[in-house]
Every structure is written in structure tokens, then in C-alpha cells.
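S.K.: Single-letter residue listing:
Number of protein chains: 2
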Amino acid sequence: MAKVQKLVIVGGVAGGASAAAKARRCSEDVEIIMYEKDRDISYANCGLPYYLSGVIKKREDLLITSPALFRRRFRVEARTRREVTRIKREQKTVVIRHLETGSLEEETYDRLVLAPGSRAVVPKVPGVDLPPVFTLKTLDDTDRIFRFLEANNPRRAVVVGGGLIGVEALENLVLRGLETTVVEFAPQMLTFLDWEMAEIVRRHVEAKGVRLHLSEGLKAVEKHDGAFVVKTDHDRTIPADLVLMAVGIRPSVELAREAGLVIGASGGIRVNEYMQTSDPEIFAAGDCVETINLVTGKPTLTPMGSAANKQGRAAGANALGRSLAVKGFLGTVIVKVFDLTVAKTGLSEREAVDEGFSPLVTYVHPGHHAGYFPGAKTLNIKTVADEKSERLLGAQVIGEEGVDKRIDVFATALYNRMTQEDLLQLDLAYAPPYSAARDPVIIAGALGQNYFRGDWRPVPPGELLEKRRRGEPVTLIDVRTSKEVTRAGKIPGAVHIPIDDLRSRMRELDPERETILYCATGLRSYVGERILSQQGFKRVQTLTGGIFSWMFELEPGG
Amino acid sequence: MAKVQKLVIVGGVAGGASAAAKARRCSEDVEIIMYEKDRDISYANCGLPYYLSGVIKKREDLLITSPALFRRRFRVEARTRREVTRIKREQKTVVIRHLETGSLEEETYDRLVLAPGSRAVVPKVPGVDLPPVFTLKTLDDTDRIFRFLEANNPRRAVVVGGGLIGVEALENLVLRGLETTVVEFAPQMLTFLDWEMAEIVRRHVEAKGVRLHLSEGLKAVEKHDGAFVVKTDHDRTIPADLVLMAVGIRPSVELAREAGLVIGASGGIRVNEYMQTSDPEIFAAGDCVETINLVTGKPTLTPMGSAANKQGRAAGANALGRSLAVKGFLGTVIVKVFDLTVAKTGLSEREAVDEGFSPLVTYVHPGHHAGYFPGAKTLNIKTVADEKSERLLGAQVIGEEGVDKRIDVFATALYNRMTQEDLLQLDLAYAPPYSAARDPVIIAGALGQNYFRGDWRPVPPGELLEKRRRGEPVTLIDVRTSKEVTRAGKIPGAVHIPIDDLRSRMRELDPERETILYCATGLRSYVGERILSQQGFKRVQTLTGGIFSWMFELEPGG
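First to last, the sequence lines map onto chains A and B.
For the first sequence, the numbering used here gives the first residue as 2, with consecutive numbering after it.
For the second sequence, the numbering used here gives the first residue as 2, with consecutive numbering after it.
Take the hints with a grain of salt, since some may be wrong.
Each pair may be met inside one copy or between any two copies, as identical chains are not told apart.
[As the list claims (entries may be wrong)] Restricting the straight-line Cα-Cα distance to at most 20 Å, the calculated cross-link-like pairs of lysine to aspartate or glutamate (DMTMM-like) are: (1) K378 - E402; (2) K220 - D130; (3) K539 - D511; (4) K378 - D62; (5) K328 - E391; (6) K7 - D30.
Source of the hints: derived by calculation from the structure; they are not laboratory data.
Owing to the predicted nature of the structure, the values given are computational and were not obtained by experimental measurement.
From just these sequences and the hints, can you work out the full model?
M.R.: Structure follows, in C-alpha cells:
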């Protein structure tokens, strides 16, 4: 390879800035020029929503570095307010537009790194160009919203979209004191979650006073008598002093596409694991590329700051002849939603089914640390495993404490292609303030072992609901204590037999009939299942996750 | 295998109770008898220290289950205050002494599970039988201490031993308002840590007002003029209204040894991965057994509640003909020490050296989440990897927040035999309240990659200290800002060249001389190392972990 004398980088935030810094650490000689459309480089993209509420107090706190520092420390020429508009691959030059003056210039390169990121999708409906309508993607966007908030002191906000950005935005708008409504086209928020897990989030968000309109599309933003309203396809009219569009993001691939680089089916620039595009002299990193999902092996988009940093670092090194691989991602996400932390890694149940897996689904609802140590908070954990290979495919975790720990353990397990049963072998750290003698991840492993060894037959709550809707003859047994049943109610039609009476009252039951047991979380009903299945009940199962996972009707005090 | 009709279990706390419950889930028919010396079964052993301070308020909270519940739910006959004194393997019986009456009885078994746990070691010095001297191992112990505390309201406590139990005890005695002194024979607390990591704990404990006497042995407990004192082998006399012996625990293997079962070199009962002893009809679980360390492959003791639960569950099932494996442990430990969480998994540097590894040591000191999000706390992470295989061997993490998460990720990585560089590939959950775009674990992975690709040559602080003691000619360069140096001081003899001036002032330096750079945490000095090494400095290195890892002399404002 001829010596690389000049590296040009398109984009100066996570991917681009990482590429530039790493390239300099690889070579003191190479000339590095970085172009950024915005006014700032390397800012804290993921912190932007928190600046709106004042959780992050100062704008400076969002600036991780500056062009001046980049010049001093890394001898990187960071040129801001300049947009690269074209790549001439034959000449190995890029065309740049100066956004202040409109003037064009051309710059040569030996190697090019593309890190233009992604852009917020704005729905094509009337009124999206009205003054109180914003997107929240860049620091410039944030500055605009912040100025609007300060100048107009809006009282009512509508967030269009209940995904990651929408949820972070709504929390921070509520914290700022705005009455906030969310309009989401899908039947649930946070569509990376399975429906019943998203239900936990919905209930929490509504308990915080947020109005949610699910399965409802945006029709228009209109101005009526000097005030703005959002109209939905349910003919709903929602007053809105501020409208935030958070319907999604799209990778910025126009530059790459026009230059003839291969764009993948996911919509991102195709790269190999060295972040090299179909042109070996052009690398790409960040939201604009597609990456391998390590569970499915298929290319997908991973628009996360953590991914952009890794990819940028590799792209910067590899553009100078190194070979640092980025093997792929798991779709790990985490988001704070008021008092809850909501996280996922790998595949949801729905995604697993879509990928052709026959999934084993388990729920566990343990405390985040030992129950006898003060302050234990309930975790809601759903795992998805492959019935055939027994491999863990994904996990969803929601709770107030200890969520991030468990999702990172699951992510590390997924990276290593562990089976669900393997989780039981992990030597996780235990002391009462941090975990229980059986950590929630260990419990999930034990459930996997129970299932795959034939000791446990779980019914997911949705399947039980379906059985009941279809009118299948099922004996449903609530094995909780009388006190629990009186306080919390039971599923209509369930027979109440406390677990400790099950052996003596077994004669009341028909061993030929399909029998499903449940309790609060699934532990006692599993004990009951073991009792009955050893006594000749051939078709006995446990409602996995118990009442905690049951999102449907309950009969109070039943 | 003949049908197992009767299972006898020795010990009713973590291992024994887990074995009993699992055995019942495996078989409704088998008769299960469990013997326990203490008054209670299945209590929260790990919560005992917290009951002394009132962090755990009620004694009942420590009782996870009771003989009555065990009988009702699991049809397990739990016989308390009874000690199994002998195993007659030929007859397949055990001899039991009733501790209230002294009477002996004999019971037959088809299968036996041994889970007698461990006992507190009491040093053989004069006075250990005096009234204010206690151990803290069982609930009975705890009851005795609690009654003593309530009756005598002691003012001054001496804790003998600075290991896990000693540290948990001292925190809770301080929380209860006692002036507390620790006497530890070793030159550091928490000997599972490397010395410099234990230093962080020492400083924190002393800052909380605890007096520490390290490298100091207990000589006697004495009564002088109606008051008690502890005497050490440094001829120190420490007034002590309460003395807690926490010098260690020893597996209870007498019963097994007398029965001729194989005891391993570690001192624990030898079992295979199915928890089966050298007698195929006798299984064992918990503190009394030795287990495989998954890093070294060697047998070791793992006296943790989490291990006992897993092993007991497997032993209970396998005694009834199942084959559930417990593959081993990593020596994962975690302990709360006032505001700090202190954790370790795998091998320390010292242990790695003892095992014949040539370890790569790295330190990182990042925030536990994004620095721009309020409340970030510094993590102190030390990783140890094998120079040859590049495999991660262990990690130590100390900090106020996010410690348990990182240690569990490291533990999961160790279980999967990941290399240090592999850590970089993990798709860990990132949002500003939980992590940084480069998670601390990812940073450790990047350092591994930098090292094993030849881009980074770290010097551990201890090695730098040694070089200076030996008078080796080393140019030491402090690359922090002038402000930082003025505020925090520098290492004596260091030249101060701010990182951003390094290129322009390079001519002041001798490229032939060994050159070591440092900054606050090791990041900027690594950038400096890359600059110099590319400019012909052949022997340039970075002080890994920077000033944060430097536990030795500093020149204030130097």
C-alpha cells in the first residue's frame, strides 16, 4: 500500500472524531482534515434531551472537544459549517460547500472516512414547517428548541413518536413542566420491546401524567386562532405549543450512494468488518453504515453513539493500513423513562419469530438485590432462547434499579453465544446490597435448565389468554395465599388452591385435563407443577412470570 | 441405579436447603430428612453483619424459610439442634447427637448430601474465650453479639481480621456508633485484592474514622481492672469492649474426613462437577467442598452463598439420579465498604504471577457514566491478562457506583475465556445515565488491543517505583495542564510538558533515554507516547492509570 498522506473525514461527531483521533495516534505524518456541517464537533449527542430540562445544566457540558483542541492535540484540521456534497472517486477528491458563504471548494484525499451520521425523519404531512415544530437530532436542533422554550415558555408539548428519542424527549419536557402528549403510530411505545414489556412502560409513563395515543398517526400540524394544534388520523385535535418530531432517523447515505458505493438492504452503507466500503479507499463509520447483528448474522442499522465510537476508531486506524475489526452488534439499547430503566439486547420474541426461531420465552420478576436488604426493587426480565440450539437469543429488562447490570451481563452472554442454561454457571458477584444468592440472571439460567431438561413447561401469558379466548378447557389454578388473592385479585375462572394445600386437595382436580398453575412470579407454581406432574397430571404447565407478567384482566379480590 | 427412597442432608442453610428443595422438585416420593445444628434453617447468612447495625431491622427478615414451611411445602423433615457426628458408610447410616439432650440416634440413608458449611477460625491466643470475644458466622453467633450489644452498650470495638467478614463487620459496628479498630496480620486489608487496590480501601476506611493496624498480629485478649484490652505482637494495647474475630473460615470437613472421603489439598471435600464425593452415594455442597477455579483449572475454596445455592441445587438433584453440572467458579467477590463497592473476579496480579502467568496489567479510571451527565463517580479498574494467550485473567473494580455491573461483565467475559481485546467487541448498553459512549469495560478492551498490537507500552506504578528506587535513568514526563500540576502535585523529578506542547518541545528530550509519560488517568500520556514513539523515541512508555494509580509519594504543587 502506498503511504497515506492525506486522510479526509466527513463528519465530526462520534464516528468522525473517533476516526480522526485514532488516525493521529496511528500516524504523526498523515494530514487529517475533518468536515462538519454543524457549528460544533464531537458533542454529546446522547445528552441533548437532558439539556432541555436542565438535568444537564450548561451547554458547554455537551461539548466534549473543540476544533481548537483537536488542532492542538491531534493536529486535525476540523472545518465546521462545511458540507461535503460530492465524492469524485476517480480523481479522489471531495467537493465541499461552505454553509455560511455557499462557496464550493475541492479537496484531494488518499483515504476517505465517511461519518455523516443520520438525520431525523420528518413525516410528510402539512404543517411540519410551522414554527413550533422541531426535531431533536443535532446540537443545532437543540439550540433551536432551547431558544424557543426560553422565548415562548410553551405549556403543552406533543411528541410525535414513542421511540428512544421520543421517550427521552417526553421525560425531559415533563421535567421542564410541560403537559406532554405522545402520538405514536404503532400500537406500543419502544417497538424494540415486545408488547407486554412495553405495557410496563406505558403504565409508568401514564402514571407520570403523560397522555399517550397509540396506534394513531399524525395527520397535520395546524394553526387555529393564533394557536397550534396537532391533528391525528383518529380526528383528534391536540393543542400544542411545541411539537417534537421523533418518528425515527435515517442514515445519511446520499453522498455514498451518488458516489456509487454499495448501500445495503437495511439502508446503511455496506462495510466489511474493517469498516471498509465497496471502494477499498473509502471507509465509513457510525449511524450511516449497516453492521452485522451478531445474533442473526444479518446486516442491520445500529445508530448508537457507542457503536459510532468503536467503528470510527477502527475506520481511522484501518484507513491508515491497520486491521482492527468490529465484529458486530446485538441491538443493545437502554433508556431512562422517569423512575424506570428499560433495556434490551439481542432479539425480542417477535423478532425471534420473524427470524424463523421457535422461541422459549421466560419471565422472572425477582428483586434487584436480596429481599431482606432494604430497598430491593422488582426487576421484570424476559428472556428469549432458541428451542432447537438452546442458545439465548435476547433479553428485555425493566425496573428501577440494577437493570443496566443485568442487560450488560446478558449482552456479554449473547456475544459469547451462551445457551440459556449456561447462564446458571456464571459466577456473578453476590453480597446483599448488590444481588441475591440467586442472581436474576442465574434464575433465568435455572429456568432454561428446568425447561431443556423437561422439568418445566411454561405458558407465556399471551398464550394463556389465547387459550381462554378460544375457549379451550383448561383448569387454571392460583396457588398463592388467600391474603394475596384477596389483596391483588385473581384471573377470572381460576381455582384457588394455596401451594401448601396442593398435595392434600389434589383429588379435586382432573389429571387428564390441561392444567395451568400460576402464582405471583412463577416460582411457587413451578413447585406445584412438579408436584402434579409427578402425580400423573400429564398436561400441567406454569404461567411463566405469574401475575407479574399477566397484563390482562384480573378479578379484584376474586 | 436402585430407586432412592431416603435422602439425608447434613446442614440446613444455603447448600442444604437448596439441595432439599430441589430434591423434592425432582421426586415426590423420596423421604427427605435434613439435620441442622443451629436453631434456624435457611437463614440469610450474608445479611448477618447488617442486622448488627440495624440496616436490616428485624431478625425475622433474616429467616428465609422455617422448618414448618419446609415441611408444608416440600415435605422435608428439618430437624434442628441436631448434629450429625458420624457417617457409617458400610451400614449407610448417620449418627446424630441431639444438642439439647445429648442423646444419640442413628438414621439410615440411601443417598447423603453433606452441607455442613464452614466455621470461623479462632486464633489460638490467650483470652479468646473471654465474654466480649465473638465470631460472626452463624445466626446463633449474631444473636449472641446482638444481645451483648443491647445489654452492654459497648463503646469500643476491635475487629481482628480485615477480610470480607471483618470489613462488613467494621462498617456495621461504625454505623452502630462504635469506635472501631482493625488489627490485620497481613500488610493489607482484603487480601484477594492487589496491594495498591487495597490501598484505596484503606484510605477510605481510615477517612471514616476507623483505626487500622496492618502487619500486626493478635497476641492476646486480656482483662485489666474490669476492662478488656486486645494486645498485638507490636506490643500495642487496644481497649476493647467488644472483640470480633474475623480471621477467616475453615470448611467443616471433619465428618467427611472421618468417614474416609477424599479431602482436597485446598482443605475442602473433593467433589466432581456433579457434586459427588469419592463415595458415589454421598454428595456435598457449599463451603465444605472445593471447586474448580475456571481461570486456573485448579481446585479451590469458594465459600460464597451464591456458590452454595448452585451446588446444593445440583447435589439435591444428582443425589436422585440427575446429572446437573456445576462447572466451577471465578473467585468473584463483592463487598460494600461504606461509600465504596469493592469487587474482584478471576486472578489478581499477584495470584497471576503465582500461577506462572506473565501478566499484562492495566488500570483505567473513568466515570461510571457519561461525565456530562450529573453524578458521575470515578471507577478504579485494574485488569490482569495473560501476555501469551492475551486472555483476560481477572479484574478488580472499586468505586462508588457501577462497580457491581462492571465486575459481572468481567466475570461473564472470564467464564467465556475472552481475551482482553475481545472486551472491545461487547455491545454494552449505552445511554448517558448508565455508561459512557466508551464504557469502562470497552476502554479496558481498547487498552488490550493497543498493547497486543504494539501501540502501547504500559508501566505499572509499582514497576516505575522500582525503577526509581534502583536509580535507573528514566525521563519522567508529566503531560497534564499547569493547573492540574499546581493543584495536585507531580511525581518528584518529573519534567512538566503539557500534552499539547509535546510536539513543539520534543527537542528538549533525549530520544535514546528511557522515557515514561504520565497524566491523570493514562489517556493523554498514551497520546503522548504515540507522538514520541513515532518520532524515534525507542523506549517510551506510559504510566498505566496515571496519577490515579500512583499510590506513592507526590510532590504537592511540584
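S.K.: With reference to the structure, classify each hint as holding or not holding.
M.R.: So, going through the hints one by one against the coordinates:
1. Proximity of K378 to E402 under the C-alpha cut-off of 20 Å is found in both arrangements, the shortest distances being 6 Å within a copy and 17 Å between copies.
2. Proximity of K220 to D130 under the C-alpha cut-off of 20 Å is restricted to the intra-copy arrangement: shortest distance 14 Å within a copy versus 83 Å between copies.
3. Proximity of K539 to D511 under the C-alpha cut-off of 20 Å is restricted to the intra-copy arrangement: shortest distance 10 Å within a copy versus 82 Å between copies.
4. Only between protomers do K378 and D62 lie at most 20 Å apart by alpha-carbon distance; the minimum there is 16 Å, versus 32 Å within a single protomer.
5. For the homomeric pair K328 and E391, the shortest alpha-carbon distance between copies (18 Å) is at most 20 Å, but the shortest distance inside one copy (23 Å) is not.
6. For the homomeric pair K7 and D30, the shortest alpha-carbon distance inside one copy (9 Å) is at most 20 Å, but the shortest distance between copies (78 Å) is not.
Comparing the model with each earlier hint shows no violations; every hint is respected.
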